[in-house]
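Under this note's numbering, the residues of the sequence shown are numbered -14 to 916, in order.
Worth flagging that the hints you see were computed from the coordinates, not collected in a lab.
For each residue, glycine too, the CB sits at the ideal point set by N, CA and C.
Be a bit skeptical, because a hint or two may be false.
[To be verified] Subject to a maximum C-alpha distance of 25 Å in a straight line, what follows is the list of computed BS3-like cross-link-like pairs (lysine-lysine):
no.: 1; residue 1: K747; residue 2: K239
no.: 2; residue 1: K83; residue 2: K96
no.: 3; residue 1: K736; residue 2: K747
no.: 4; residue 1: K88; residue 2: K53
no.: 5; residue 1: K53; residue 2: K239
[Said to hold, decoys possible] Have a look at the derived ranges for each label pair, beta carbon to beta carbon:
no.: 6; residue 1: A737; residue 2: P403; range: 48 to 54 Å
no.: 7; residue 1: A845; residue 2: L19; range: 53 to 59 Å
no.: 8; residue 1: T325; residue 2: P403; range: 20 to 26 Å
no.: 9; residue 1: D128; residue 2: V297; range: 17 to 23 Å
no.: 10; residue 1: L156; residue 2: T301; range: 47 to 53 Å
no.: 11; residue 1: R590; residue 2: D635; range: 19 to 25 Å
no.: 12; residue 1: A737; residue 2: T144; range: 37 to 43 Å
no.: 13; residue 1: P506; residue 2: L458; range: 53 to 59 Å
no.: 14; residue 1: A318; residue 2: D128; range: 39 to 45 Å
no.: 15; residue 1: L458; residue 2: D635; range: 58 to 64 Å
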Amino acid sequence: MTSRSVRTGRNPADAPWVRTRLRTAPGTAWALALLVLVTSFLAALFPRAVEHQGTEGLRHDITAADAKRSVLELSSPQPGLQIPPLDREAAVRGAALKTIHDKARAAMPAKVRPGADGSSYGFRTSRPMPAADAWLPRPEGIDPQLNYATPSDLRGHATLRSGAWPAVRGLVTEDTDEVEGVVTGATAKALGARVGATVSVPTRAGEHLTVRITGIIAPRDPRSTYWSAEPLFRTPALVPEPSTNPPSLDPPRKYWTATVLLPQAAAPALLGSTGEPEMFWRFAPDASGLTAADVPGLRTAIASLEGGPGLVRLRTVAGDNAAFRTGLDQILAGYDTLRTAIEPVVTVAAVGVGAVAAVVLLMTAGLIGGRRREEMALLRARGGSLAGLGGRLLAETAVLAVPAAVLGLLAALPLFGPARPWPSVAGPAVVALLVCVAVPSVTVLPHRRPRLPGARDDLMDTRPSRLRTVAELTALVLAVGAVVGLRRRGTAEGGDLLVSAAPVLVGLIAALVLVRLLPLPLRLASRAVARRRGAIGFLSLARAGRTSAGGALPLLALLLALTTAAFGGSVLTGVSDARDRAATLAVGADARISGLLDAAPLPARLVREVRAADGVRQVAEVQVVTGVPLPLSADGSSMKSTALLGVDPDTYAELARTAGLGAFPADRLRADKGKGKNAVVPVIASPPVAAELGDGPRDLTTPAGDLRVRVAGIVPRTAAVPDRDFLLVDSSVLTRQQTTTLLVAGAPDPKALRATVREAGKDISVRLHAEERAAFVDTPMQRGTRAIYAAAVGVGAGYALLAVLLSLLRTAPERTALLARLRTMGLTSRQGRRLLGLESLPQALPAAFGGVLVGWATIALLAPGVDLAGLALFSGTGAIAPDIAQLRPDAWSLTLPALGVVVLTAGAAAVQAWWAGRRGSITELRSGDPR
């Protein structure tokens, strides 16, 4: 060795370590790089997918909301009377209003700065004025009340159907006595307006301004903000007369109200009207550039415009009395409610899949370390230090992991549109860091002390160390704390990472418990099999017992994957079940036919035709009597009412049992008809009504007859009126019987059923369970969340498959050598397949059984804290019972993945036995082979 080589510490002829290792084992290198790339891609994709569905949900909520709620409107009273008339008239003309419009739009914060499409400005009357012209309709004897407005760019947003566009002749002032205007086709039809008709507008001077209708127009886009922000611009309304004080017993009379549209140059003519005119500027919100990350800033900006510095800036442009109004803050509140309900549930899935992926990466590191055990032992024997070997392995791993993580990140960035970069970067960085730390650590740390050749760390003989016991107890405490926290606080309050990791911690504890308990059944089974003839069973159990004590990782990966799949499947099933249950509560059966307000009687012919309709299996006739007064309370201080339901006991009991809405035995409701008029009638009541009636007989006075009743049963809800308190009674005891509601079970044809009902009367309604179920349409956020959850279940299953394969690959050389030796002793190929299959079952069966048990226990423990209402029922309508959106174990999600683990393990063992039989025994029985 020369002095130069001593100084450099390296022979120039030596090959670089990293290049040599990568060339020596290219398959392992490419496999590790591929695993890191896929995991990094998923880790970068998940936050982008979550943010994308949040962004899509935000944009959908804003664009789908009624324009009257989402529009940003700035208004200001008409110029004061102290201003010279010429200046007042100039201030309300189009040029002045446009200048203010442009300045106001520029003064708005960037996050709420609207686009030009759909925005408008003009001058309008803020209070409708009565029109006394004789040609106007008066349905109940009241003059119609009309508004007048001069919206901008009317010709650009409407099409002329008849007549001519309104024109302005000369300069219009406050004293002008006649102007021209147009109305929409809907307004003209309702008011009977024709081209050439005139309307008199009262003025403050006691005179009248004449508005001549010159044309009938049609909106080009009736749903745009231009027309929808002020619905009366487009469509008239028949509104009730304001209530009087004291209120009248007669129903309020109704009158027409509508808007006549004038050209902008005619705005000064409205200054003298009695309609308290005002200037307005409407801005249609542009949600195309908003993202989920903009919500806090958007909420702050809206608050500033409604009563903060933003409003001050707008008043410097539009006047000191200008006011800002929008319902966008309410839309954001609904968005936040849904997102708060969804995010914690998604976090639970993300933590579960992330834990499975981390375990698989650790298993991969362990597999690489196990394959290089002899190499590391040789290098240590020749004087290699742990730090030196670890550094070389770190460089070797980083060359693979870092570029693979970067490629995974780059592959995920183009997907799901623009999003914040740092959450996407954090995931691949963690993956690369975990691999770079795990591979050197797992490979080098077992060589801290010399290891005797042939020494084993068998599962049957190992004894847990104190350090392991302390770690397991710490994990147990964390799991208990997470479960208790999730049950108490729930996911609706946001929780934290520990609460979201509750399923993972439960799976971790279960894996540790199974690893500790597994030697006991193996010992018992080995003793039982040892007494029997045949070597296959004994050899398989002996081989299973010689599995490394570090086999907790494969078991942990399987349990976490099975728990995540069971949890995710139960969430998706729970969403569907909750919507089905909500539809059942809303209808009460497969179809519901009822008279007006559930009180009008149905024709007997309709009942017969419905019973005879195709697809109808059962029809329950119900008489609904609302407002039945209950007896006074004991102190006489309160008097409550309820709904009385007259039913046939047998039919209705069967329907309630089938629908799952307050099932009860029919005998409890059936009345004894032989005891006369004063007999006590049994009733089934809701809990509040039962508490009011007590245990003894009580007298009731109802429109259907007087009754003496006693509570014979209590059910929480019933099919006929699922959202109200009720009393069920045998309809045969009612003096005045009539059918007001039909509850239909079966699958009737909707069109034929509606046609039958339509022939019976116009005030009879039909509600179908299928239509109520279809009303729960997913918003983009709900749809994206369900897709993310389904993808999480699929990814977890994929990593579970990989965990099984890695576990088998780790022991594949030993198994192949064992089969080769046993074949020289007369072992057949069939016996070899049985041996490998039975050897894998002692770990596959506990994993499958433990996965089912842990999945069920996890769902049962965490169900009280998981809120599915936002994910399932946010888009529904009507009152929804709070107990129908609960997390419940799903049998298929529990059993199918577990069976898949057993089938996969057995299949992989069979394939390995087949492959080993094809290779022959010569290669495996080389002299000096340590296997």
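Hinted pair K88 and K53, Cα distance within 25 Å | Holds. K88 to K53 sits at ~23 Å (cutoff 25 Å).
Just tell me: holds or violated, for the beta carbon distance of L458 and D635 against 58 to 64 Å?
-> Taking Cβ atoms as reference, L458 and D635 lie about 59 Å apart, which means the hint holds.
Could you check the hint for me, namely that P506 and L458 are 53 to 59 Å apart, CB to CB?
-> With Cβ atoms ~24 Å apart, the hint is violated.
Holds or violated: K53 to K239, with C-alpha atoms at most 25 Å apart = holds (23 Å)
Agreement of K747 and K239 with the hint, judged by alpha carbon distance not exceeding 25 Å | holds (22 Å)
Falls inside 53 to 59 Å, the C-beta gap from A845 to L19?
-> For L19 against A845, whose Cβ atoms are near 38 Å apart, the range 53 to 59 Å is violated.
Does the alpha-carbon distance linking K736 and K747 stay inside the 25 Å limit?
-> Given that 25 Å is the threshold and the Cα spacing comes to 16 Å, the pair holds.
25 Å limit on alpha-carbon distance, applied to hinted pair K83 and K96 = Given that 25 Å is the threshold and the Cα spacing comes to 22 Å, the pair holds.
With 20 to 26 Å as the target window, see if T325 and P403 comply at their CB atoms.
-> holds (24 Å)
If you check the beta carbons of L156 and T301, does the distance land in 47 to 53 Å?
-> With a Cβ separation near 30 Å, L156 and T301 fall outside 47 to 53 Å, so the hint is violated.
Consistency of beta-carbon spacing, V297 to D128, with hint 17 to 23 Å | violated (42 Å)
That 39 to 45 Å hint for A318 and D128 (C-beta), does it hold up?
-> With Cβ atoms ~40 Å apart, the hint holds.
Comparing the model with each earlier hint shows violations of hints 7, 9, 10 and 13; every other hint is respected.
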